[in-house]
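Residue numbers (our numbering), protein chains in the order written: chain S, 1 to 472; chain R, 1 to 343; chain V, 1 to 272.
Quick caveat, the hints were computed from the structure, so don't treat them as lab data.
Any given hint could be a false lead.
Computed cross-link-like contacts, DMTMM-like style, restricted to lysine to aspartate or glutamate with a CA-CA straight-line distance of at most 25 Å [claimed, not checked]:
id: 1; chain 1: R; residue 1: K259; chain 2: R; residue 2: E271
id: 2; chain 1: V; residue 1: K221; chain 2: S; residue 2: E17
id: 3; chain 1: S; residue 1: K40; chain 2: V; residue 2: E69
id: 4; chain 1: V; residue 1: K216; chain 2: S; residue 2: D24
id: 5; chain 1: V; residue 1: K206; chain 2: S; residue 2: D24
id: 6; chain 1: R; residue 1: K277; chain 2: S; residue 2: E281
id: 7; chain 1: S; residue 1: K40; chain 2: V; residue 2: D28
id: 8; chain 1: V; residue 1: K216; chain 2: S; residue 2: E28
id: 9; chain 1: V; residue 1: K218; chain 2: V; residue 2: D205
id: 10; chain 1: S; residue 1: K40; chain 2: V; residue 2: E242
id: 11; chain 1: S; residue 1: K59; chain 2: R; residue 2: E306
id: 12; chain 1: R; residue 1: K236; chain 2: R; residue 2: E179
id: 13; chain 1: V; residue 1: K216; chain 2: S; residue 2: E6
id: 14; chain 1: S; residue 1: K40; chain 2: S; residue 2: E28
id: 15; chain 1: S; residue 1: K56; chain 2: V; residue 2: D146
id: 16; chain 1: S; residue 1: K59; chain 2: V; residue 2: E133
id: 17; chain 1: R; residue 1: K32; chain 2: R; residue 2: D130
The structure displayed is predicted, hence computed values, not measured ones.
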Amino acid sequence: MTERDEIIAIANRLRWEVGGNFHDALMESLYKEAGEIARKTMRKKDGEFAFSLDRKIDKIVTNKWTGFPIMFILLALVFWITVQGANYPSELLSGLLVGDLYNFLRTSFISAGVPDWLTGLLVDGGYLAMAWVVSVMLPPMAIFFPLFTLLEDFGYLPRVAFNMDSLFRKVGAHGKQALTMSMGFGCNAAGVVATRIIDSPRERLIAIITNNFSLCNGRWPTQILIATIFIGGLVPAHLAGLVSAGAVVGIAILGIVFSLVTSWFLSKTILKGEASTFNLELPPYRPPRILQTLYTSFIDRTLIVLWRAVVFAFPAGLVIWAISNIQINNVSLADHFINFTDPFAMFVGLNGIILLAYIVAIPANEIVIPTILMLTVTHYGLQLSGVGVEAGVMFEAGSIDLTRQILEAGGWTVLTGINLMLFSLLHNPCSTTLYTIYKETGSWKWTVISALMPIAMGFTVTFLVTQLWMLF
Amino acid sequence: MNPLVSLILFGLGILFVMITFFPEKGLYYKWKRALLSTERVLIEDALKHLYDCEYRRVNCTLQSIAGNLNISSDKAAELVERLESLRLITSENGNLHLTKSGRSYALRVIRVHRIWEKYLADETSIPETDWHAQAEVMEHELTPAQVDELAARIGNPVVDPHGDPIPSEDGDLPGKEGEILTNLSENDFAVITHIEDEPETVYAQIVALGLHPGMQIHVLENSPARMVFEADGDEKILAPVIASNITVKRISRTEEIRKDFKTLSSLKPGEKAEVIKISNALRGLQRRRLMDLGVVPGAEISAEMENPFGDLTAYRVKDTVIALRKNQTDHIYIKNIERLKNE
Amino acid sequence: MNKVTANCENCPVHNAGNLIKLGIDMSDYDYVIALAGNPNTGKSTVFNALTGLHQHTGNWPGKTVTRAEGGFEFNGHKYKLVDLPGTYSLLSISTDEEVARNFILFGQPDVTVIVVDATRLERNLNLVLQVFEITDRVVICLNLMDEAERNGIEIDVRTLTKELGVPVVPCVAREKKGIPELLQSIDDVATGKYKCKPRRIKKRDKKLQEAIKVLKFKLNKVFPDLPNSEWVALRLLEGDAEIIRAVKSGEIGKILQPDLTSMKNEFTTAEN
Numbered sequence: 001m002t003e004r005d006e007i008i009a010i011a012n013r014l015r016w017e018v019g020g021n022f023h024d025a026l027m028e029s030l031y032k033e034a035g036e037i038a039r040k041t042m043r044k045k046d047g048e049f050a051f052s053l054d055r056k057i058d059k060i061v062t063n064k065w066t067g068f069p070i071m072f073i074l075l076a077l078v079f080w081i082t083v084q085g086a087n088y089p090s091e092l093l094s095g096l097l098v099g100d101l102y103n104f105l106r107t108s109f110i111s112a113g114v115p116d117w118l119t120g121l122l123v124d125g126g127y128l129a130m131a132w133v134v135s136v137m138l139p140p141m142a143i144f145f146p147l148f149t150l151l152e153d154f155g156y157l158p159r160v161a162f163n164m165d166s167l168f169r170k171v172g173a174h175g176k177q178a179l180t181m182s183m184g185f186g187c188n189a190a191g192v193v194a195t196r197i198i199d200s201p202r203e204r205l206i207a208i209i210t211n212n213f214s215l216c217n218g219r220w221p222t223q224i225l226i227a228t229i230f231i232g233g234l235v236p237a238h239l240a241g242l243v244s245a246g247a248v249v250g251i252a253i254l255g256i257v258f259s260l261v262t263s264w265f266l267s268k269t270i271l272k273g274e275a276s277t278f279n280l281e282l283p284p285y286r287p288p289r290i291l292q293t294l295y296t297s298f299i300d301r302t303l304i305v306l307w308r309a310v311v312f313a314f315p316a317g318l319v320i321w322a323i324s325n326i327q328i329n330n331v332s333l334a335d336h337f338i339n340f341t342d343p344f345a346m347f348v349g350l351n352g353i354i355l356l357a358y359i360v361a362i363p364a365n366e367i368v369i370p371t372i373l374m375l376t377v378t379h380y381g382l383q384l385s386g387v388g389v390e391a392g393v394m395f396e397a398g399s400i401d402l403t404r405q406i407l408e409a410g411g412w413t414v415l416t417g418i419n420l421m422l423f424s425l426l427h428n429p430c431s432t433t434l435y436t437i438y439k440e441t442g443s444w445k446w447t448v449i450s451a452l453m454p455i456a457m458g459f460t461v462t463f464l465v466t467q468l469w470m471l472f
Numbered sequence: 001m002n003p004l005v006s007l008i009l010f011g012l013g014i015l016f017v018m019i020t021f022f023p024e025k026g027l028y029y030k031w032k033r034a035l036l037s038t039e040r041v042l043i044e045d046a047l048k049h050l051y052d053c054e055y056r057r058v059n060c061t062l063q064s065i066a067g068n069l070n071i072s073s074d075k076a077a078e079l080v081e082r083l084e085s086l087r088l089i090t091s092e093n094g095n096l097h098l099t100k101s102g103r104s105y106a107l108r109v110i111r112v113h114r115i116w117e118k119y120l121a122d123e124t125s126i127p128e129t130d131w132h133a134q135a136e137v138m139e140h141e142l143t144p145a146q147v148d149e150l151a152a153r154i155g156n157p158v159v160d161p162h163g164d165p166i167p168s169e170d171g172d173l174p175g176k177e178g179e180i181l182t183n184l185s186e187n188d189f190a191v192i193t194h195i196e197d198e199p200e201t202v203y204a205q206i207v208a209l210g211l212h213p214g215m216q217i218h219v220l221e222n223s224p225a226r227m228v229f230e231a232d233g234d235e236k237i238l239a240p241v242i243a244s245n246i247t248v249k250r251i252s253r254t255e256e257i258r259k260d261f262k263t264l265s266s267l268k269p270g271e272k273a274e275v276i277k278i279s280n281a282l283r284g285l286q287r288r289r290l291m292d293l294g295v296v297p298g299a300e301i302s303a304e305m306e307n308p309f310g311d312l313t314a315y316r317v318k319d320t321v322i323a324l325r326k327n328q329t330d331h332i333y334i335k336n337i338e339r340l341k342n343e
Numbered sequence: 001m002n003k004v005t006a007n008c009e010n011c012p013v014h015n016a017g018n019l020i021k022l023g024i025d026m027s028d029y030d031y032v033i034a035l036a037g038n039p040n041t042g043k044s045t046v047f048n049a050l051t052g053l054h055q056h057t058g059n060w061p062g063k064t065v066t067r068a069e070g071g072f073e074f075n076g077h078k079y080k081l082v083d084l085p086g087t088y089s090l091l092s093i094s095t096d097e098e099v100a101r102n103f104i105l106f107g108q109p110d111v112t113v114i115v116v117d118a119t120r121l122e123r124n125l126n127l128v129l130q131v132f133e134i135t136d137r138v139v140i141c142l143n144l145m146d147e148a149e150r151n152g153i154e155i156d157v158r159t160l161t162k163e164l165g166v167p168v169v170p171c172v173a174r175e176k177k178g179i180p181e182l183l184q185s186i187d188d189v190a191t192g193k194y195k196c197k198p199r200r201i202k203k204r205d206k207k208l209q210e211a212i213k214v215l216k217f218k219l220n221k222v223f224p225d226l227p228n229s230e231w232v233a234l235r236l237l238e239g240d241a242e243i244i245r246a247v248k249s250g251e252i253g254k255i256l257q258p259d260l261t262s263m264k265n266e267f268t269t270a271e272n
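Next comes chain S alone, as it looks inside the complex (with noise of 0.2 Å):
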């Protein structure tokens, strides 16, 4: 045996001998000797005003009567702000990324000489994706982030929590779980990333596995679009547009009932042995600094979004414009998917191009709208008047009535239309929370269930859905 070693034996002997308490006796020795100091050197001045503001503060937001709809109200008035604020600037937006740059870019590539194939996979496919995204997600991120940083740097998010956590705790989960909730409903990857939060190693997980079930801002669009047209179109002209917001606002609630009903069957199953704790601090509240908040906090969302067009949604678009016109036997690759996947959608009251534009659009939820058109549009090869569409060129109909039109020439009935809906709600994240995920779980095998979960729970429902719809 070595003297190194020798050390090591020494030491595993005398554990025995100091006992088991160990750390407990040594955080003991520390506190009282840091009490010391801190009774020497610091004086707290008599009158006990200590606090007192934080006190009075602390009494109105997490009482009985006042907290919840304090709460509430301030949750509303962030997503109000969002989408109000969001509707000008994404018009903005897509009208020159969209439309001006694109139709630019298209004749200087033309001009230029380039190959027709490559001007269509560069710019009718890569480039079309990547400015939807942007498009579609900058201008509610740039609000909803740094409007919920002002609450956090204010300190009132952690009340959320300690108002909360009697519900989250039924379903094993932690009180800071409806931040990372609330942070989902704009942007799951953002959503996860706040999970660093929960420090209980399995109360983490679950905020990360469940926040997919935060309907994020990718998908609001085509929740919204596709209620309009079904779930309005059930009921007389000026009652539709309430109807189909409560359509949506259904679905985003019952995203949250999903969100708590899995959180407790992980916590019962999968996770039961995961480690557990709990801890929520209360922060004092501070001024937040307005200006650097909102500064910092938009230059951060504007480049994640800008990161996340280029690296996924991109790649995405070259794919999307390759299927479309790559083919075999005369009839492209897309449509052989349609046509192969078609009787099986049918189970789920879907169709070949619903799961096809879902595939493609792994990486960005915004473009399966516009791919599900293109695919329809194509795949049928409807006329229409005033829009000239080519294979592998996503768009957006100019008008709903277009937009109806387009579906219902594509077999949708209203059955598709709650379908997919609820197929939005429920399937896989998008490949920039999936890889957010394997980067803050360092696991592949968390990754897997997160993506995997999601996709069974959804074909579960919508075959449930189809099925008990079809028998009735």
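Fit chains R and V to the supplied structure of chain S, relying on the hints for placement.
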């Protein structure tokens, strides 16, 4: 296809998956468990049983092995023969004894078992009634190198969560200390040092009462019919058969006896108190985090507010406000409760 | 060789080999500064104030998880600043704490700046005392002084400096108050102008004290240059896997000594 048919097929599919993969009771798990009953398992379990007999100073026989391992006498005889040929045991007038190598083998298995229990207790949320069963499986699976690595990772523990000492790498194990709870008489004070985790049903009853090593016992009544005692201030009643599974150490000096057994969960907003102890029921990460946040014996703590549902309370400790759940505050003991000024 | 270290007051103490292993680019810097502190003490704000970078900060305990790095220049010295994860303690076994602990122990930063929340002095001192057990070269940044004042808390900085044995600089990092003084203190400690004599825990459990004494004796015999043998003894008693490994392999002796090979070169050139 007819929707009714597909729905029925779907239901059957779900049923099949449930039957196969239902946790613990599913066919898959049963099959996996059946695979485990190999010769190695039998040998190791027999050695453990013999070691246990030695520790309790009773005689072990072929019959007791058959009974303990739940195998037929024929099979037990075969097993004993095999153990003898491996020179792990010797027999003497029907009484079986461990050889030196048999004993160190047994200690190695026990080491794995107890380290695994400690690991489950500190690093996972597996309920304590499941620890033993899981450790029974793992003790036959881990290699010595894996065990040492695990032990190092969880800080080379010396005591398992039931209060049993963990044999060292070299097979050292200190002798048994303390006495059986039923030995105490009225008005005696003692501290729980060990709770036997077999048989399972008895252990489950003890766990249900919330008893843990480290708790202070004050005996109120000890009669052949029942034992009544206070464990950290709470009155408990046990049948003597069950109480005999608990080992205690008497508190000799009166100044070591604690009288005050209020828990933090009883502290109302606007009151302050001093933390005196964190119960051993809070272990591992939970315990370390609490101490990191300043909840240590001697710390002053005051209750600030409750959340709207009244099941989460915020406490101020060392000028920081932290919220704790009731399942934590039930295990933190306090004394000297006072109302705060200005409230 | 020890004589050389003693003579070289201005030499950096950091272990360049280990720092590079820890992923730090050391090419252009004279000194390495580690930034430690409890979560939610404004650590990131101090980091930004020192480096001029814009790392997002938030009123959430435990915001920074990944390690941020930045650089600054002061008094003609180039400094590398490494922001460690915010931790309450260095004794529990969590990834953040291991990252912070390993950096201070194996990287041997020239100065460790601990950001302390002036409104929660006692809890923050817990971490300070733990860092003191690992390294001598510490500067305390007593942040959030404005908040403390608002809440009627007065801190006697001079007594605190005396009690702790290291420089204590009161700051309001959000308004960049106290940052010049902080820079000066960092420079003083890095260049060896200021000699830190950090306070060590004296009162401990008797059994524990006895065990530490035995181990310390043995450790000092095998690794005579180990500056913090008491801390190593404590970690061995607690069964810290990383430290056990470092003792077994003998690495602990090398870590805590200045780089021997480069020292030898200097020594020979000096002779020539």
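How the hints compare with the structure:
1. K259(R) <-> E271(R): holds (20 Å)
2. K221(V) <-> E17(S): holds (23 Å)
3. K40(S) <-> E69(V): This hinted pair is violated, its Cα atoms lying about 36 Å apart.
4. K216(V) <-> D24(S): Holds - the C-alpha atoms of D24(S) and K216(V) are around 21 Å apart, at most 25 Å.
5. K206(V) <-> D24(S): OK: K206(V) and D24(S) at ~14 Å, within 25 Å.
6. K277(R) <-> E281(S): Holds, at about 21 Å.
7. K40(S) <-> D28(V): violated (43 Å)
8. K216(V) <-> E28(S): holds (22 Å)
9. K218(V) <-> D205(V): holds (20 Å)
10. K40(S) <-> E242(V): violated (36 Å)
11. K59(S) <-> E306(R): holds (10 Å)
12. K236(R) <-> E179(R): holds (19 Å)
13. K216(V) <-> E6(S): Judged against 25 Å, a Cα distance of about 13 Å means the pair holds.
14. K40(S) <-> E28(S): Within the cut-off at roughly 19 Å; holds.
15. K56(S) <-> D146(V): Holds: K56(S) and D146(V) sit about 20 Å apart, inside 25 Å.
16. K59(S) <-> E133(V): Given pair K59(S), E133(V) is violated - Cα atoms ~41 Å apart, limit 25 Å.
17. K32(R) <-> D130(R): OK: K32(R) and D130(R) at ~17 Å, within 25 Å.
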